[in-house]
Amino acid sequence: MKWPEYLLKMRGTTRGSPPRVSTSEIVWSWVGAFLGIMAVAWVDQLFFSGYDLSLMIGSFGASAVLVYGAVRSPLAQPRNLVGGHMLSALVGVICWKLFHPYPWLAEAMAVATAIALMHATRTLHPPGGATALIAVIGSPEIHNLGFYYVLMPATIGPLILLAVAVLVNNVPSSRRYPEIWF
Amino acid sequence: MPGNLYERPSTDDVAETELTDGDILDAMQHIPGYLDITTEDFRTIYHLAHRHAVERMFGHVKVANLMRLEVEALQPDMSLVEAAKILARSGSTGLPVVDSQGCVIGMLTESDFLRRLKVATFLELLLNLLDDTFEFSHRCHETPVREAMVAPVVTVTKDAGFGATMAAFHQHGGRSMPVVSSDGRLLGLILRKDFHAAYSLDKLL
Numbered sequence: 226m227k228w229p230e231y232l233l234k235m236r237g238t239t240r241g242s243p244p245r246v247s248t249s250e251i252v253w254s255w256v257g258a259f260l261g262i263m264a265v266a267w268v269d270q271l272f273f274s275g276y277d278l279s280l281m282i283g284s285f286g287a288s289a290v291l292v293y294g295a296v297r298s299p300l301a302q303p304r305n306l307v308g309g310h311m312l313s314a315l316v317g318v319i320c321w322k323l324f325h326p327y328p329w330l331a332e333a334m335a336v337a338t339a340i341a342l343m344h345a346t347r348t349l350h351p352p353g354g355a356t357a358l359i360a361v362i363g364s365p366e367i368h369n370l371g372f373y374y375v376l377m378p379a380t381i382g383p384l385i386l387l388a389v390a391v392l393v394n395n396v397p398s399s400r401r402y403p404e405i406w407f
Numbered sequence: 004m005p006g007n008l009y010e011r012p013s014t015d016d017v018a019e020t021e022l023t024d025g026d027i028l029d030a031m032q033h034i035p036g037y038l039d040i041t042t043e044d045f046r047t048i049y050h051l052a053h054r055h056a057v058e059r060m061f062g063h064v065k066v067a068n069l070m071r072l073e074v075e076a077l078q079p080d081m082s083l084v085e086a087a088k089i090l091a092r093s094g095s096t097g098l099p100v101v102d103s104q105g106c107v108i109g110m111l112t113e114s115d116f117l118r119r120l121k122v123a124t125f126l127e128l129l130l131n132l133l134d135d136t137f138e139f140s141h142r143c144h145e146t147p148v149r150e151a152m153v154a155p156v157v158t159v160t161k162d163a164g165f166g167a168t169m170a171a172f173h174q175h176g177g178r179s180m181p182v183v184s185s186d187g188r189l190l191g192l193i194l195r196k197d198f199h200a201a202y203s204l205d206k207l208l
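Going line by line, the protein sequences match chains E and L. Read in order, the letters of the first sequence correspond to residues 226 to 407 in our numbering. Read in order, the letters of the second sequence correspond to residues 4 to 208 in our numbering.
Be a bit skeptical, because a hint or two may be false.
[To be verified] Far from chain L by the CB rule (all over 10 Å, computed), these chain E residues:
#1 Val-268
#2 Ile-319
#3 Gly-363
[To be verified] Partial list, computed: chain L residues near chain E (C-beta under 8 Å):
#4 Asp-24
#5 Leu-28
#6 Gln-32
#7 Pro-35
#8 Tyr-37
[What the hints assert, rightly or not] Each pair of labels, with its calculated beta carbon distance range:
#9 His-344/E <-> Ala-76/L: 58 to 64 Å
#10 Arg-195/L <-> Pro-244/E: 42 to 48 Å
#11 His-63/L <-> Lys-322/E: 54 to 60 Å
#12 Ala-123/L <-> Pro-244/E: 47 to 53 Å
#13 Thr-346/E <-> Asp-162/L: 52 to 58 Å
#14 Arg-245/E <-> Ser-184/L: 53 to 59 Å
#15 Pro-229/E <-> Gly-177/L: 39 to 45 Å
#16 His-33/L <-> Val-256/E: 20 to 26 Å
#17 Lys-234/E <-> His-50/L: 17 to 23 Å
#18 Met-281/E <-> Gly-62/L: 23 to 29 Å
#19 Arg-71/L <-> Gly-237/E: 47 to 53 Å
#20 Arg-71/L <-> Lys-234/E: 47 to 53 Å
No wet-lab data here; the hints were simulated from the structure. In this text, all values refer to a predicted model and were calculated from it rather than measured experimentally. Note that CB positions come from ideal geometry on N, CA and C, so glycine has one too.
In isolation and in its complexed conformation, chain L is listed as follows (with noise of 0.2 Å):
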C-alpha cells in the first residue's frame, strides 16, 4: 500500500533489545546453581514475556483515540506559498499532502521549507533576512508542494496499538504522523506530544 510503510496489526513490536547468548549466560552466572535452560529458550520466553508485558500495559488504548481530527490537508499542486499559509493556520508544524481520492502521498512539514531555503533553523533564516547582501533565492510562488513535500510518508492506521505507533514514531523522527484508514486516506494526524502525555512517556524519555 503506498504511502503507508508501516502498517503492523498490533502491539508486537515494540523496540525491545535483542539479548546475545553473551548477556544470558552472564546472567546465569549471577544465579547459583544449575539452571535447566538454554539460553535459546530463555530468549523466547523474554521475548514472549516483554510482548504480553507490553500488551498488558499499552494494550487498550488505539492511535484513533489520541489523534486530532480536522485537520486541513494540503494538495500536491498548491504553491509553497498557499500551503505555508495553511500551515501557518494550522498552528501545527506539519500537514499531510492528499491526493484527490484522500489518500496520503506525503507530508510537508516546516523543516522542509527550511531545507529549500537552505538554512537549518528560523533564527538563521531572520538573520539571513536581516543581512542586505542575503538573496531570497528561492522562489516558492512557482514550487508545487509536491516537489518540497517528503513521500513517502511513515504512516500509521488508526486501529494502531502502542507497539505500531512507537515503532511508526521511531522510524519517522518528526512531530506528527498521519493517521489513515485502511485504504490509505487521511483520516486525522497522531501528535508525538499527545502521544507522549497519553502514556506517560516523558518520564521515561
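This is chain E alone, in the form it adopts within the complex (with noise of 0.2 Å):
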C-alpha cells in the first residue's frame, strides 16, 4: 500500500449520513426501547431481586437501539441479538477466568475475540462487545456469577427484548420484524 492512497482512503467515500427517518419511526422506535427495556427491568424485579445477580446490564441499552431503531438491520436480527449476547458473554467469562490478573489483558481479549467469533458464525451484534467486556470489568457479582452469565442474563434479556420486538415492531403498518429469524 502506498502512502498517499493510504491517506486518501481518510477522507471517506460519500458526503452526507442517511436520511433523517420520519416522524412515526421516531415513536416507534421510542415506544418500542421503552416497552423493552421495561420489560427486562420488570422481570428483573419481579424474578431476581433477592439474589446476588442483575439481568439488567448496559449493553442492553445498545441492543435497544438496534431492535427497535434500526429494525431492518442485519445487526439487529434474532439470530445475531441472541447470539451475539450469548458467544460475546461466554467469550467474556473465559478471558476473565483465564487472564484476571492482568485486567489489561482480560479486557482487549474479550472485545477483540467476541468481535471475531460473532463474525465466524454470522451473528455480529455490536452490543455483544460490551456483553464481553461488562464480563471481565464487572462488578464483583457479576463475576461471581462465572458461566451462569452466559444464561443469565445474556440469553434471558436479549430473549425478552426480542419478545417485546417482535410484538412491538410488527404493529405499525411501516415496519416488521424480523427479516430473518436465523
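These two chains come separately, so use the hints to put the complex back together.
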C-alpha cells in the first residue's frame, strides 16, 4: 500500500449520512425501546430481586438501539441479537477466568475475541462487545456468577428484548420484524 | 492493437446508469425505517449485482456463434467501383477492409459512398440523377477504398460476450461490425439485427 493512497482513504467516500427517518419511525423506536427495557427491568425486579444477580446490563441499551431503532439492520436480527450476546458473554467469562490477574489483557482479549467469534458465526451484534467487556470489568457480583452470566443475564435479557420487538415492531404498517429469524 | 478499439474480456461493461448519492438517498426515503448502509456501499452492491445479472442472462452466448462467416473482404487499394460491385453482390450494406495480412483496417459502407457523393440518402441521389443539370462529379474509378473507408474501425473479438458486443455496437452505430481474432484478423461479420434477434432485444429497444 502506498502512503498517499493510504491517507486519501481517510477522506471517506460519501457525503451525507442516510436521511433522517420519519416522525412515526422515531415514535415507534421510542415506544419499542421503552417497553423492551421496561420488560427486562420488570422481570429483573419480579423474579431476581432477592438474589445476588442482575438481569440488567448496560449492553441491552445498545441492543435496544438496534432492535427498536434499526429494525431492518442485519445486526438487529434475532440470530444476531441472541447469538451475539450469548457467545460474547461466554468469551467474556472465559477471558476473565483465564486472564483476570492482568485486567488490560482480559479486557482487550474479551472484546476482540467476541467480535471475531461473532463474525465467524454470523452473529455480529455490536452490543455483544459490551457484554463481553462487562463480564471482565464486571461488578464483583457479575464475576461471582461465573458461567451463569451466559444464561443470566446474557441469554434471558436478549430473549425478552426479542419478544417485545416481535410484538411491538409488527404493529405499525411501515415496520416488520424480523427480516430473518436465523 | 490497431483496428480494435474495443476489446474487453467479458460482460462487465453493459451501459448502466450511474446512480448519484441523491438518487440513492431519495430511494432510501421511500423505505420506512433506518437503513444502515452508506450510499457508496449501495452503489457497489448495485454494480456487482448488475454485472451478475447480465452474466446470468447473457453470459452463455458468444459473438463467434452469431457472426456470419465467409465475408468477402475489400482491399484498401481497390477502386470504389470495384468495391461497390462486391458490396452489391454481398447483399450487405457494409464490408470490412483488410490489409495483406488479413487484419481489419477499416470498414466501407453504403453511407461512405453517399457521403462522397455529397448526398444524405439514396433517394436524394436518385433525384439528383434525374436532374439534367446535376453533374456526377465524383470519380469513383480513381479513388481507392482506403480514402473512403472509415478507419480505425470498431471491432469485437470472437470471444466477446453480450456486454462487450453491446458496448461496441453502442460506440459504433453501424449495422454490422467485423469480428476479429485476438491478433486482429478478420473472422466474420456480426450484424446488429442478428445480435438483437439472439437476445430478443427488439422487444426492449
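Outcome of the hint check:
1. With a least beta-carbon separation of about 27 Å from chain L, Val-268/E lies farther than 10 Å from that chain, consistent with its non-interface assignment.
2. With 10 Å as the threshold on Cβ separation, the claim that Ile-319/E sits away from chain L holds: the shortest Cβ distance comes to roughly 30 Å.
3. Consistency note on Gly-363/E: stated as away from chain L, and its beta-carbon is indeed over 10 Å from all of that chain's, at 30 Å minimum.
4. The beta carbon of Asp-24/L is positioned within 8 Å of a beta carbon in chain E (closest approach about 6 Å), and the interface hint is therefore held.
5. Here the hint on Leu-28/L is kept, as its CB sits about 5 Å from the closest CB of chain E, short of 8 Å.
6. Checking Gln-32/L against chain E: minimum C-beta separation of about 5 Å stays under 8 Å; hint holds.
7. Because the beta carbon of Pro-35/L sits about 4 Å from the nearest beta carbon in chain E, less than 8 Å, this interface hint is met.
8. Hint status for Tyr-37/L: holds, given a least beta-carbon distance of 5 Å to chain E, under 8 Å.
9. Roughly 59 Å separates the CB atoms of His-344/E and Ala-76/L, a value that falls within the hinted 58 to 64 Å.
10. Arg-195/L and Pro-244/E have their C-beta atoms about 43 Å apart, which keeps the hinted 42 to 48 Å range intact.
11. His-63/L and Lys-322/E have their C-beta atoms about 58 Å apart, which keeps the hinted 54 to 60 Å range intact.
12. Evaluation of the 47 to 53 Å hint for Ala-123/L and Pro-244/E yields a pass: the beta carbon distance comes to about 51 Å.
13. Look at Thr-346/E against Asp-162/L: about 42 Å separates their beta carbons, and that is not inside 52 to 58 Å.
14. Checked against the hint of 53 to 59 Å, the C-beta distance between Arg-245/E and Ser-184/L comes to roughly 57 Å, which is consistent with it.
15. Evaluation of the 39 to 45 Å hint for Pro-229/E and Gly-177/L yields a pass: the beta carbon distance comes to about 44 Å.
16. A C-beta distance of roughly 23 Å is found between His-33/L and Val-256/E, which places it inside the suggested range of 20 to 26 Å.
17. Restraint check, Lys-234/E to His-50/L: a C-beta distance of roughly 19 Å satisfies the suggested window 17 to 23 Å.
18. The hinted range of 23 to 29 Å is not satisfied by Met-281/E and Gly-62/L, whose Cβ atoms lie roughly 55 Å apart.
19. At roughly 52 Å, the beta-carbon separation of Arg-71/L and Gly-237/E lies within the given 47 to 53 Å, and the hint holds.
20. In this structure, Arg-71/L and Lys-234/E meet the distance hint of 47 to 53 Å, their C-beta atoms being roughly 50 Å apart.
Hint violations for this structure: numbers 13 and 18, all remaining hints satisfied.
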